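There are 2 protein chains.
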Amino acid sequence: MAAEIAHNVHVALGERAYDILIGDRLLDHAGSILAERFPGRRYGIITDNMVAEAQLPRLLASLDAAGLSHSEIILPAGESTKSFAHLETAVEGILAARLERGDLVIALGGGVIGDLAGFAASIARRGMDFIQMPTSLLAQVDSSVGGKTGINSPHGKNLIGAFHQPRLVLADLSTLDTLSPRQFAAGYAEVVKYGLIDDEEFFFWLEEHQAEIFAGGPARGEAIARCCRHKARVVIEDEKELGVRALLNLGHTFGHALEKDTGYSDRLLHGEGVAIGMVLAHGFSARLGLAPSQDTGRISAHLKKAGLPTILADIPGALGSTETLMAAIAQDKKVARGALTFILTRGIGQAFIEKNVDGAAVSAFLDEMRGSA
Amino acid sequence: MAAEIAHNVHVALGERAYDILIGDRLLDHAGSILAERFPGRRYGIITDNMVAEAQLPRLLASLDAAGLSHSEIILPAGESTKSFAHLETAVEGILAARLERGDLVIALGGGVIGDLAGFAASIARRGMDFIQMPTSLLAQVDSSVGGKTGINSPHGKNLIGAFHQPRLVLADLSTLDTLSPRQFAAGYAEVVKYGLIDDEEFFFWLEEHQAEIFAGGPARGEAIARCCRHKARVVIEDEKELGVRALLNLGHTFGHALEKDTGYSDRLLHGEGVAIGMVLAHGFSARLGLAPSQDTGRISAHLKKAGLPTILADIPGALGSTETLMAAIAQDKKVARGALTFILTRGIGQAFIEKNVDGAAVSAFLDEMRGSA
Ligand SMILES: NC(=O)c1ccc[n+]([C@@H]2O[C@H](COP(=O)([O-])OP(=O)(O)OC[C@H]3O[C@@H](n4cnc5c(N)ncnc54)[C@H](O)[C@@H]3O)[C@@H](O)[C@H]2O)c1
Ligand SMILES: NC(=O)c1ccc[n+]([C@@H]2O[C@H](COP(=O)([O-])OP(=O)(O)OC[C@H]3O[C@@H](n4cnc5c(N)ncnc54)[C@H](O)[C@@H]3O)[C@@H](O)[C@H]2O)c1
Ligand SMILES: [Zn+2]
Ligand SMILES: [Zn+2]
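Chains C and Z, in that order, are what the protein sequence lines are. According to our numbering, the first sequence is numbered sequentially starting from 19. According to our numbering, the second sequence is numbered sequentially starting from 19.
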């Protein structure tokens with residue numbers, strides 16, 4: 019049986035170029051796809067225990083059928099796996115499996131596994147090739163593309179890592195069937211993000227196709243491919259995030275601060291923080307008189323329909339003080355010389371980078387948003 | 019007072035190009051050199067406790083005099099500092115000091131600190147600039163140049179790391195005055211290495227100037243500059259060690275196996291392992307009929323005069339079995355698809371890369387060398 023590749027998005031990065039293959043049941047064809055593209059390699063699969071249970075058997079069967087040699091490293095599921103301790107486990111696992119420089123690391127899982135395994139590959143033997151096999155919606159539309167890899171620090175999210183592009187991204191749509199609805203919704207926040215940044219038409223399309231995307235119709239693959247094309251374009255333009263790539267952080271400065279405050283726990287998933295963060299970024303831009311305030315309402319309604327939190331009060335449990343949140347914002351890595359850098363917007367599809375945001379205004383805005391529960 | 023830069027070696031790596039400044043008491047001028055070359059930066063100094071005692075005050079005084087802001091991270095001295103645990107300390111220290119992407123990490127110390135701090139800089143905030151201030155002879159002639167950074171694994175030396183070029187190398191000759199004679203001799207093994215690889219004339223020059231180099235005359239700076247020029251040339255040609263750069267590993271495959279076997283301890287310093295390894299590489303090449311055996315004797319005599327060990331029996335304590343050594347050799351990262359890669363030689367100044375070395379022949383040779391105490 020031939021692989022059903024519905025979409026192939028090429029990331030044209032010169033000698034680091036690669037394809038993003040999107041389609042149904044691609045994991046079942048992984049063995050033959052890899053055997054053809056990377057003859058003679060051995061594979062080290064890094065995954066987490068939940069994905070191992072739900073999806074690993076299919077991948078192993080397919081590698082075995084193609085006669086490919088492999089070993090597995092299974093880490094605990096969850097954001098706290100993006101730590102030094104688990105990075106060490108992953109790297110030492112790669113070395114223990116005697117994988118050589120020409121062999122391949124496979125990241126099978128969500129963004130946590132993709133970020134961690136990609137980083138592990140980048141430092142094992144001073145750089146090994148790796149393949150992303152994203153299994154969460156968030157990973158398929160965002161984290162598996164673009165080569166940002168890394169782990170978290172007590173000082174903030176993703177503060178430690180490397181730029182390391184994968185050699186191939188294999189997004190199997192059918193893996194999303196075993197993803198929890200809450201995780202699917204969280205990933206959907208990143209889908210919406212692409213529309214909000216600079217593609218108003220995509221946002222309107224999402225408003226029309228939201229139900230089909232959640233139900234798993236063809237619009238799902240279509241939405242994922244559009245997100246990958248968008249991200250690929252940005253990454254090609256600005257691989258190392260020196261400029262325009264920062265737009266992809268729309269909603270993330272607020273989001274990261276909230277994630278930190280809730281201890282990177284089940285209280286708030288990354289995409290949920292981004293959902294609230296995007297509403298905050300639009301609300302703050304409206305407050306500054308930059309954007310129409312009805313856009314904030316429209317975005318908020320769309321995210322709510324997807325089952326996402328949209329205001330601070332949606333977060334269960336007590337939040338830290340505004341000062342604590344501001345400190346987290348200041349430590350976020352997108353800080354240059356003390357001035358706060360934010361992604362602000364002039365409305366849906368009109369985000370921009372503002373390097374000189376007044377901390378006091380942000381703080382006052384947050385104070386108010388906490389009150390308005 | 020103007021800095022006394024005796025030699026300036028340029029490493030022409032395009033947008034990653036940098037200078038190696040060599041001279042007396044350069045640390046006392048570091049503040050003004052940095053203020054001129056990197057205006058407006060802040061500095062995070064990583065060093066070890068021995069270098070902190072011997073050299074850090076001079077650097078701090080000079081930074082203070084130039085009004086440069088700095089913070090310090092002091093790690094324990096010794097090879098075992100090249101570990102995940104200390105890497106974490108270094109990276110978290112950089113983040114705790116709130117150094118930003120545009121700031122600079124300074125590696126003040128020997129090869130251990132240079133490798134570790136350079137690696138920490140490469141992964142903190144996904145890549146910060148750093149400066150090498152090598153204080154051991156080994157670091158001044160070898161490890162501070164070329165951008166190989168990293169830590170050790172239980173599976174072998176330097177198996178985890180990154181290619182990350184420094185922005186500047188500042189080699190202060192006067193720092194060598196506080197280096198122990200044993201460490202100086204160990205570094206000298208790497209000096210000799212450059213002659214053995216492809217510069218017979220340099221080896222002969224070393225035979226003539228050995229006493230002056232050890233005594234600290236002008237030949238010392240001259241020798242260091244020649245080594246840096248040699249290494250710079252190789253690095254420019256093959257930055258990522260895909261080819262000719264591997265020649266710099268002359269003596270290192272044996273050396274690394276011996277270091278591993280002695281637990282990276284005081285029993286055998288890196289340069290001492292390299293000294294024995296170079297003699298073994300020449301001896302093995304002679305055994306294969308590739309090189310004249312009198313060269314082995316000549317090299318061995320020169321290294322012995324420098325106070326270096328040259329045979330296995332010079333290593334205090336019992337060595338592991340030949341099988342253990344062979345396993346370490348096979349796990350060394352310069353292994354491709356099971357075939358052993360060695361740097362062999364046709365004589366002094368005539369080293370070459372051989373990718374198809376017969377493991378059984380190496381094993382038999384080692385067995386014999388163990389007997390010939
Ligand atoms: N590198 C980047 O450019 C980038 C971009 C965005 C986000 N991220 C990172 O991505 C991470 C979030 O990714 P995520 O939301 O995928 O989190 P995740 O990897 O933790 O996955 C979410 C949960 O779903 C489970 N899961 C994943 N796929 C599954 C499947 N098919 N079936 C059953 N369970 C499955 C996982 O085990 C986990 O428990 C964050 O750490 C974030 O920083 C990185
Ligand atoms: N990156 C590369 O290309 C490369 C090349 C060769 C070696 N290396 C690495 O370099 C390391 C060995 O370097 P090293 O021999 O410099 O070891 P080192 O850094 O451990 O220094 C040796 C000892 O001397 C002390 N010391 C250093 N400078 C001093 C000074 N001026 N005064 C007093 N004490 C001083 C240190 O505290 C240490 O105890 C190994 O880990 C090896 O793998 C790396
Ligand atoms: Zn995100
Ligand atoms: Zn060496």
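For the record, the hints were derived by calculation from the structure and aren't laboratory data. No experiment lies behind these values; they were computed from the predicted model shown. Backbone N, C-alpha and C define an ideal beta-carbon position, used for all residues, glycine too. Mixed in with the good hints there might be a few duds.
Said to hold, decoys possible - For lysine to aspartate or glutamate, the following EDC-like pairs were computed, each having C-alpha atoms within a straight-line distance of at most 20 Å:
no., chain 1, residue 1, chain 2, residue 2
1, C, K322, C, D256
2, Z, K258, C, E230
3, Z, K323, Z, E219
4, Z, K322, Z, E259
5, C, K373, Z, E118
6, C, K258, C, E90
7, C, K373, C, D147
8, C, K258, Z, E33
9, Z, K322, Z, E257
10, C, K258, Z, D284
11, Z, K322, Z, D284
12, Z, K258, C, D216
13, C, K258, Z, E230
14, C, K322, C, D376
15, Z, K323, Z, E230
16, Z, K373, C, E118
17, Z, K258, C, E118
18, C, K322, C, E259
19, Z, K258, Z, E118
Stated by the list, open to error - Derived list of chain C stretches under chain Z, where covered just means 3 residues or more per stretch with a C-beta under 8 Å from a C-beta of chain Z:
no., segment
20, 82 to 88
21, 164 to 171
22, 179 to 185
Results of checking the hints against the structure:
Only pairs whose Cα atoms come within 20 Å are accepted, and K322(C) paired with D256(C) is rejected, the gap being roughly 32 Å. Proposed proximity of K258(Z) and E230(C) is contradicted: the alpha carbons are some 48 Å apart, above 20 Å. The hinted pair formed by K323(Z) and E219(Z) meets the criterion: a straight-line CA distance of about 19 Å does not exceed 20 Å. For the hint linking K322(Z) to E259(Z), the alpha-carbon distance of about 30 Å lies beyond 20 Å, and the restraint is violated.
At most 20 Å may separate the alpha-carbon atoms for a hinted pair to count; K373(C) and E118(Z) meet this at roughly 15 Å. The hinted pair formed by K258(C) and E90(C) fails the criterion: a straight-line CA distance of about 30 Å is larger than 20 Å. Using a Cα cut-off of 20 Å, the hinted pair K373(C) and D147(C) is violated, with the two alpha carbons roughly 35 Å apart. Distance check on the hinted pair: K258(C) and E33(Z) sit about 14 Å apart at the alpha-carbon level, within 20 Å; holds.
A hinted pair counts as satisfied when its Cα atoms are at most 20 Å apart, and K322(Z) with E257(Z) does not qualify at roughly 33 Å. For the given pair, K258(C) sits about 42 Å from D284(Z) by alpha-carbon distance, which is inconsistent with the 20 Å threshold. In summary, the hint linking K322(Z) to D284(Z) is supported, as the alpha carbons are separated by about 19 Å, within the 20 Å threshold. For the suggested pair K258(Z) and D216(C), the alpha carbons sit about 38 Å apart, so the restraint of at most 20 Å is broken.
The suggested pairing of K258(C) with E230(Z) is violated, with an alpha-carbon distance near 48 Å, which exceeds 20 Å. A threshold of 20 Å between alpha carbons decides the hint, and for K322(C) with D376(C) the separation of about 29 Å lies outside it, so the pair is violated. Between the alpha carbons of K323(Z) and E230(Z) the distance comes to roughly 13 Å, so the proposed pair stays at or under 20 Å and holds. Proposed proximity of K373(Z) and E118(C) is supported: the alpha carbons are some 15 Å apart, at most 20 Å.
Restraint check for K258(Z) and E118(C): satisfied, since their Cα atoms lie roughly 15 Å apart, inside the 20 Å limit. With a CA separation close to 30 Å, the supplied pair K322(C) and E259(C) exceeds the 20 Å bound. In summary, the hint linking K258(Z) to E118(Z) is not supported, as the alpha carbons are separated by about 27 Å, beyond the 20 Å threshold. Look at the segment 82 to 88 of chain C against chain Z: 0 of its residues bring a Cβ nearer than 8 Å to a Cβ of that chain, fewer than three, so the hint is violated.
Counting residues of the segment 164 to 171 of chain C whose beta-carbon sits less than 8 Å from any beta-carbon of chain Z gives 3, enough to reach three: the coverage restraint holds. Three residues within the 8 Å Cβ limit are the bar, and the segment 179 to 185 of chain C against chain Z gives 3, so the coverage statement holds.
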